[in-house]
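J.: Sequence:
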Amino acid sequence: MTPTETARYVAEFSAELSYLARNANLDLLAYLLDMARLEAIRAVQSGDKES
Numbered sequence: 001m002t003p004t005e006t007a008r009y010v011a012e013f014s015a016e017l018s019y020l021a022r023n024a025n026l027d028l029l030a031y032l033l034d035m036a037r038l039e040a041i042r043a044v045q046s047g048d049k050e051s
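Reminder that position 40 of the sequence shown reads as 40 in the working numbering, one-by-one numbering, no gaps.
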């Protein structure tokens with residue numbers, strides 16, 4: 001698995017986890033997962049530019 005593929009997976013999975021956390025009123029955890037998702041998206045975008 002390439003770094004870009006890994007980052008894409010992390011972005012998708014962290015979005016799902018954030019949704020679950022928000023529904024359970026775990027707002028700080030949801031926020032942190034959203035930050036992880038945004039960082040993963042940034043990594044995907046920078047990886048795509050390098051290709």
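For the record, the hints were derived by calculation from the structure and aren't laboratory data. Owing to the predicted nature of the structure, the values given are computational and were not obtained by experimental measurement. We put the beta carbon where it would ideally sit given N, CA and C, even for glycine. A few of these clues could be false.
Taking CB as the label site, the calculated pair distances span [claimed, not checked]:
| hint | residue 1 | residue 2 | range |
| --- | --- | --- | --- |
| 1 | 1 | 25 | 14 to 20 Å |
| 2 | 24 | 48 | 18 to 24 Å |
| 3 | 26 | 4 | 15 to 21 Å |
| 4 | 35 | 2 | 18 to 24 Å |
| 5 | 26 | 47 | 26 to 32 Å |
| 6 | 45 | 16 | 31 to 37 Å |
| 7 | 1 | 38 | 29 to 35 Å |
| 8 | 29 | 49 | 16 to 22 Å |
J.: None of the hints should be skipped; say for each whether it holds.
T.: Okay, the hints, checked on the actual structure:
1. Range check, residue 1 to residue 25: about 34 Å between beta-carbon atoms, so the 14 to 20 Å window is missed.
2. Our hint of 18 to 24 Å for residue 24 and residue 48 is violated, since their Cβ atoms are close to 33 Å apart.
3. A hinted range of 15 to 21 Å for the beta carbons of residue 26 and residue 4 is inconsistent with their spacing of about 29 Å.
4. The beta-carbon spacing between residue 35 and residue 2, approximately 23 Å, falls within the hinted interval of 18 to 24 Å.
5. Roughly 30 Å separates the CB atoms of residue 26 and residue 47, a value that falls within the hinted 26 to 32 Å.
6. Evaluation of the 31 to 37 Å hint for residue 45 and residue 16 yields a failure: the beta carbon distance comes to about 20 Å.
7. With their beta carbons about 21 Å apart, residue 1 and residue 38 fall outside the hinted range of 29 to 35 Å.
8. A beta carbon spacing of about 31 Å between residue 29 and residue 49 contradicts the range 16 to 22 Å that was offered as a hint.
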